[in-house]
Amino acid sequence: MAQRSENPAPVRFDDEAWEALAATTNANLCFQCGTCTAACPLAENTPLRVRQLVREAQFGETDAFLWKCMTCAECNASCPRGVDIVGLVRTLRGREWRTRNVPKGLPTLLWGMYSDGNTFHLPPKQRASWMQDVKVPGKGSTLLFVGCAASYDPRAQRIARSVAALLNLAGVEYQVMGTEEVCCGEAARSVGHDGLFRDLQQRNTEAFRKRGVERVIAISPHSFDALKAGQSANGGPEVVHYTQAIEQLLDSGKLTKGSEKGTVTYHDPCYLGRHNGVYEPPRRLLELSGLKVVEMGNSRAQALCCGGGGGRMWMETPPAERPGTRRVQEAAGTGAELLATACPYCISVFESERGSEAIPVTDVAELIAGRVKA
Amino acid sequence: MHIVVCMKVVPRPEEVKVDLATKMLDRAGARSVINSSDMNALETALAFRDAHGGKVTVLSMGPPPFEPYLRVALAVGADEAILLSDRAFGGADTLATSYTLAAGIRKIGKVDLVLCGEESSDGGTSQVPPSIAEWLNASQATYVERLVPGKHGTVHATRVLEDGKETVELSVPAVISVVVGSNEPRFLDYDRWAFAQSAKVQVWNEKELCGDPQYLGLKGSPTAVAGLREVKKAGRRRETVTVTPDEAASRIKAEIDRAKIARS
Amino acid sequence: MTATDDGGLWVYAERRGSSFTPVSLEILGKAKELSRQLSVEVTAVTVGNDGGAASELQRYGPDHVLELVHPLLAVHDGKAYAKALGTAIQKAHPSTLLLGATRNGQDLAGRLAVRLRTGLTAHVTSLELDGGRQLVGWVPGFGGGIEAGITCPEKRPQMVTVRPGVFLAPPEGSPTGDVKTVKVDLSEEDVGSRRVSFEPKGSSIDLTRADVIVVGGRGTGGNFGRIEELARRLGGEVGATRVATDAGWVDRDRMIGQTGVITRPKLVLVLGVSGAVQFTVGIDGAGTVVAVNRDPEAPIFEHADLGIVGDLGPVVESLLRSLGGA
Ligand SMILES: Cc1cc2nc3c(=O)[nH]c(=O)nc-3n(C[C@H](O)[C@H](O)[C@H](O)COP(=O)(O)OP(=O)(O)OC[C@H]3O[C@@H](n4cnc5c(N)ncnc54)[C@H](O)[C@@H]3O)c2cc1C
Ligand SMILES: Cc1cc2nc3c(=O)[nH]c(=O)nc-3n(C[C@H](O)[C@H](O)[C@H](O)COP(=O)(O)OP(=O)(O)OC[C@H]3O[C@@H](n4cnc5c(N)ncnc54)[C@H](O)[C@@H]3O)c2cc1C
Ligand code: SF4
Ligand code: SF4
Chain F
1 MAQRSENPAP VRFDDEAWEA LAATTNANLC FQCGTCTAAC PLAENTPLRV RQLVREAQFG
61 ETDAFLWKCM TCAECNASCP RGVDIVGLVR TLRGREWRTR NVPKGLPTLL WGMYSDGNTF
121 HLPPKQRASW MQDVKVPGKG STLLFVGCAA SYDPRAQRIA RSVAALLNLA GVEYQVMGTE
181 EVCCGEAARS VGHDGLFRDL QQRNTEAFRK RGVERVIAIS PHSFDALKAG QSANGGPEVV
241 HYTQAIEQLL DSGKLTKGSE KGTVTYHDPC YLGRHNGVYE PPRRLLELSG LKVVEMGNSR
301 AQALCCGGGG GRMWMETPPA ERPGTRRVQE AAGTGAELLA TACPYCISVF ESERGSEAIP
361 VTDVAELIAG RVKA
Chain G
1001 MHIVVCMKVV PRPEEVKVDL ATKMLDRAGA RSVINSSDMN ALETALAFRD AHGGKVTVLS
1061 MGPPPFEPYL RVALAVGADE AILLSDRAFG GADTLATSYT LAAGIRKIGK VDLVLCGEES
1121 SDGGTSQVPP SIAEWLNASQ ATYVERLVPG KHGTVHATRV LEDGKETVEL SVPAVISVVV
1181 GSNEPRFLDY DRWAFAQSAK VQVWNEKELC GDPQYLGLKG SPTAVAGLRE VKKAGRRRET
1241 VTVTPDEAAS RIKAEIDRAK IARS
Chain Z
2001 MTATDDGGLW VYAERRGSSF TPVSLEILGK AKELSRQLSV EVTAVTVGND GGAASELQRY
2061 GPDHVLELVH PLLAVHDGKA YAKALGTAIQ KAHPSTLLLG ATRNGQDLAG RLAVRLRTGL
2121 TAHVTSLELD GGRQLVGWVP GFGGGIEAGI TCPEKRPQMV TVRPGVFLAP PEGSPTGDVK
2181 TVKVDLSEED VGSRRVSFEP KGSSIDLTRA DVIVVGGRGT GGNFGRIEEL ARRLGGEVGA
2241 TRVATDAGWV DRDRMIGQTG VITRPKLVLV LGVSGAVQFT VGIDGAGTVV AVNRDPEAPI
2301 FEHADLGIVG DLGPVVESLL RSLGGA
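Same order as they appear, the protein sequences are chains F, G and Z.
In this text, residue positions in the first sequence follow the working numbering: the first is 1, and each later residue adds one.
In this text, residue positions in the second sequence follow the working numbering: the first is 1001, and each later residue adds one.
In this text, residue positions in the third sequence follow the working numbering: the first is 2001, and each later residue adds one.
Hints may be right or wrong, so weigh each one.
[Unchecked claim] When the alpha-carbon atoms are kept at most 30 Å apart in a straight line, the in silico DSBU-like pairs for lysine-lysine are as follows:
| hint | chain 1 | residue 1 | chain 2 | residue 2 |
| --- | --- | --- | --- | --- |
| 1 | F | K125 | G | K1017 |
| 2 | Z | K2201 | G | K1253 |
| 3 | G | K1165 | Z | K2201 |
| 4 | F | K210 | G | K1017 |
| 5 | Z | K2155 | G | K1151 |
| 6 | G | K1219 | Z | K2155 |
| 7 | G | K1017 | F | K135 |
| 8 | G | K1055 | F | K104 |
| 9 | Z | K2155 | G | K1207 |
| 10 | Z | K2155 | Z | K2183 |
| 11 | Z | K2155 | G | K1107 |
| 12 | F | K125 | G | K1219 |
[Stated by the list, open to error] Just so you have them, the derived chain Z footprint on chain F, three or more residues with Cβ under 8 Å:
| hint | stretch |
| --- | --- |
| 13 | 61–73 |
| 14 | 116–123 |
[Stated by the list, open to error] Some, not all, of what chain Z presents toward chain G, calculated at C-beta under 8 Å:
| hint | residue |
| --- | --- |
| 15 | S2019 |
| 16 | R2111 |
| 17 | G2145 |
| 18 | I2146 |
| 19 | D2178 |
| 20 | V2179 |
| 21 | G2192 |
| 22 | F2224 |
| 23 | E2228 |
Since the hints were made in silico from the structure, they are not lab data.
Quick reminder that beta carbons are idealized off the backbone N, C-alpha and C, glycines included.
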């Protein structure tokens, strides 16, 4: 599964490729201090040693456990030499596509993204099924980008409906693309397939331009991160995460505080927190409901990854290696009544890997919709 | 070996409508995809070529809008692509379709293996592959999940049957149909896009095909469509009931009995 | 050949082991029914390296049994079988040929139709006369949502393959009809394939090929003994969600879904499963989905043809009781 297929023939870099890699990731600067391994949540339960991975890359070789990485970026934050380890992982994975030495299931994932426009191989026609009876204003230059999970996954669809309800409550004008929306491409980028990532970015850029979009509100932090990267490269619209968009409504006085009592703990999704530095907006929104936010020991920049990033949603992880189980335990340990997060992948992982922990898992949008007023 | 892969472009089933008043199929609004088991056939062919050498040509019969899908096959790894396209080929049933494809294969010249999908998702008769084999007087193996070279220029094919898996030795030329899901089709190679876009997709019309006109298209088709009916709405029925356990059991039993014949 | 009715109605009786495929007997029954309406005779035809099994066929009421034999016909080969059967048909001019739509039946039929330059109607789910002497076979297409009524107006024989289970096999009676055994003229060049090995089904679990799957999720509380029993009675396999496999209730190779197995059974019974998308992508290709869940809001009901709202325990017990047997 996560292991590479048989015959892991090493891919050797030619000098030019190595120079390009060094220039984009600083991998040449690594002096093998091992801080990254100490920071990596996988070092404890899996054979991945990120220091070694960087070393092997310097020798033009590919680490056997390359695909276990969740691109959580804990290592990036810790490296004293400024090596972009996540970027290095993606590039190394890109090379494996050339020799078709990739884990089972990933080509199928990419085919789904390419021809169905989503990560589930589900019909494009069903993409708007999240809407049910939600009314969307359907005008203005703001676009709500729903993403594959919140479009198709019945659990995550509730997040999309909650975000739409909050925007409606505040009287925001926005449009959605319905069945014409296509995948943001983040999964392709995470598994190192730059070609497909750029292809999907281009399809989105064109759609945004045609619709006169100036601002994109993304529901998934993965879409947020990917669209932000793609759109700034293409000179496209501003991209924000929904927690940021709703926080602004709060500041402009369009939403007022609810009176809920109780406690909630918040899990920072890697692609919202460490990758993009969005820590406060979700917390402010939780407080808006009236609930008290209790922090876990590992929070904000130190938050433990759920395990769903880096394409890991499409690769099976042996139970003993999953950080998700540990994270739910940590959340339950705070004594909070609820575990809130702001990413559909985190929710899937926690729901699946909670084991016997009974703490309910919820998305910030779900939690505050119905608890705040206009 | 020279391997020809027959590839059909099909409408997405959930987007096809049937107009019950006119008894006509409305495919106009439906988006298309490459038939799913044909992708498994293509992967089988490419893996065979990569391991044992040779060349892979994709062949399709259909209207000009099929061409971009042939370019996708080129970008995936096929060496050449040919489209059989002419109004005279239209309205073909499986006899005429298989004749036209066989004529295309004959025109290509020396072909060792012809790989098809097990069935299409639209007509879905699964009759085309064995029919091509007869037109070419080739050997055949249908519902194959594995293909490897055998001794003395033969191939070994493992067929998935109702009661087990049968491995047969086939003389070449041979026509083989590949079961859906028997492998994981490799993804597009974006480094091949430029080649795939600029490569020449050969388009052969009736004249170039040099076939016998009596076997082509509508007039070469002995079957006729007497009617159309919608047997079930697209998607799930979504009926939910709250009943006693005994009542539930008998409802479930009825579904079991019905399902046994719903698919074979 | 053009539309004439001289040689009657032929049924291909496909041999499997020492007997025949069940669908062979089902279509023999249907042929009897049609023959009464058409006043023609029914011939059951077999292909093999020897005769011998004809007495079994005779109990299903044919007017004739024709055995086509040759040492090279011991095991099915589309090429050789099509030649053997095609030659016999060209001699006897039947108006109709029915075959079971098994994999070998379709393998043979597709080839034979070309040999005879006639029309072939594919794996029909029903078969009727159009008022006259012409058959209309209903063929499912587009994933089973639409059926086309296919006829063969001019060429003969009109060939039809029939889905297993569509018609009931007639009850066994006392033997009827004569048996004729014909040695076929065949040489090595007429054979395209030779069997090298055969691995009978059931020697390894393969959820992708199962016709019936019973899936248990977290809602089973780990009580998989009853699920296994149910699967066994239905002649199916046990499947599970990731939660159920993580709990160690079932082996990991039985996990269905995004990171497990993608299945296409005729019927799947889904018990105590919420219906997360990572699971449902593994059953979207199923023929029929029946779900039992005590939560009426469970998303699994969106993916089910029939949903039972309620506690799965008593439903499973009732179902086991009503299935009877050991
Ligand atoms: C609902 C419905 C029912 C039908 N029933 C019948 C019937 O009973 N008898 C009949 O003769 N016709 C029937 N047809 C017509 C039949 O679908 C067409 O003849 C069609 O061109 C080929 O058959 P198929 O799609 O069934 O192919 P299949 O035999 O199911 O296809 C198997 C493989 O053959 C290859 N192949 C098939 N068509 C092409 C192509 N155009 N180009 C390249 N490769 C190809 C592909 O590899 C494919 O995977 C029916 C059509 C419909 C829509
Ligand atoms: C990376 C990743 C990959 C994944 N891959 C897969 C995969 O391949 N396959 C897979 O299945 N999942 C997968 N999952 C997990 C998936 O997201 C769900 O968590 C999982 O499918 C839920 O399993 P479940 O339905 O058994 O449990 P739950 O979601 O807990 O649902 C249990 C259901 O049982 C019902 N119930 C409880 N008691 C009873 C009773 N007595 N009678 C009737 N109903 C009852 C409840 O109402 C509830 O709906 C994956 C998750 C991740 C993060
Ligand atoms: S990104 Fe996360 S999982 Fe990957 S090496 Fe760095 S710390 Fe480890
Ligand atoms: S932390 Fe940075 S410098 Fe230290 S081993 Fe890791 S990549 Fe190299």
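Results of checking the hints against the structure:
1. In summary, the hint linking K125 (chain F) to K1017 (chain G) is supported, as the alpha carbons are separated by about 13 Å, within the 30 Å threshold.
2. The suggested pairing of K2201 (chain Z) with K1253 (chain G) holds, with an alpha-carbon distance near 25 Å, which does not exceed 30 Å.
3. In summary, the hint linking K1165 (chain G) to K2201 (chain Z) is supported, as the alpha carbons are separated by about 7 Å, within the 30 Å threshold.
4. This hinted pair checks out: K210 (chain F) and K1017 (chain G) have alpha carbons roughly 29 Å apart, not beyond 30 Å.
5. Among the hinted pairs, K2155 (chain Z) with K1151 (chain G) is inconsistent with the structure: their alpha-carbon atoms are about 42 Å apart, more than 30 Å.
6. About 12 Å separates the Cα atoms of K1219 (chain G) and K2155 (chain Z), which keeps this hinted pair within 30 Å; it holds.
7. Simply put, K1017 (chain G) and K135 (chain F) have alpha-carbon atoms about 27 Å apart, close enough for the 30 Å limit, and the pair holds.
8. At most 30 Å may separate the alpha-carbon atoms for a hinted pair to count; K1055 (chain G) and K104 (chain F) meet this at roughly 26 Å.
9. This hinted pair checks out: K2155 (chain Z) and K1207 (chain G) have alpha carbons roughly 27 Å apart, not beyond 30 Å.
10. Pair hint K2155 (chain Z) plus K2183 (chain Z) holds up; C-alpha atoms about 27 Å apart against a cutoff of 30 Å.
11. Restraint check for K2155 (chain Z) and K1107 (chain G): satisfied, since their Cα atoms lie roughly 28 Å apart, inside the 30 Å limit.
12. Distance check on the hinted pair: K125 (chain F) and K1219 (chain G) sit about 36 Å apart at the alpha-carbon level, beyond 30 Å; violated.
13. Counting residues of the stretch 61–73 of chain F whose CB lies closer than 8 Å to any CB of chain Z gives 0, so the stated coverage by that chain is violated, three being the minimum.
14. Counting residues of the stretch 116–123 of chain F whose C-beta sits closer than 8 Å to any C-beta of chain Z gives 3, which meets the bar of three, so the coverage hint holds.
15. The interface hint given for S2019 (chain Z) is violated, since its Cβ lies 12 Å from the closest Cβ of chain G, which is over the 8 Å cut-off.
16. For R2111 (chain Z), the interface hint holds, the least distance from its beta-carbon to any beta-carbon of chain G being 4 Å, beneath 8 Å.
17. Because the closest C-beta pair between G2145 (chain Z) and chain G is about 5 Å apart, less than 8 Å, the hint holds.
18. For I2146 (chain Z), the interface hint holds, since its Cβ comes within 8 Å of a Cβ in chain G; the closest pair sits about 5 Å apart.
19. A distance limit of 8 Å between C-beta atoms decides the matter here; for D2178 (chain Z) the minimum to chain G is near 31 Å, and the interface restraint is violated.
20. Because the smallest distance between the Cβ of V2179 (chain Z) and any Cβ of chain G comes to about 26 Å, over 8 Å, the interface hint for this residue is violated.
21. This hint holds: G2192 (chain Z) has a C-beta 3 Å from the nearest C-beta of chain G, less than the 8 Å allowed.
22. Interface hint at F2224 (chain Z): violated, since its Cβ lies 18 Å from the closest Cβ of chain G, which is beyond the 8 Å cut-off.
23. Given hint, E2228 (chain Z) at the interface with chain G, is violated; its Cβ is 17 Å from that chain's nearest Cβ, farther than 8 Å.
Consistency with the previously given hints fails for numbers 5, 12, 13, 15, 19, 20, 22 and 23, ordered from lowest to highest.
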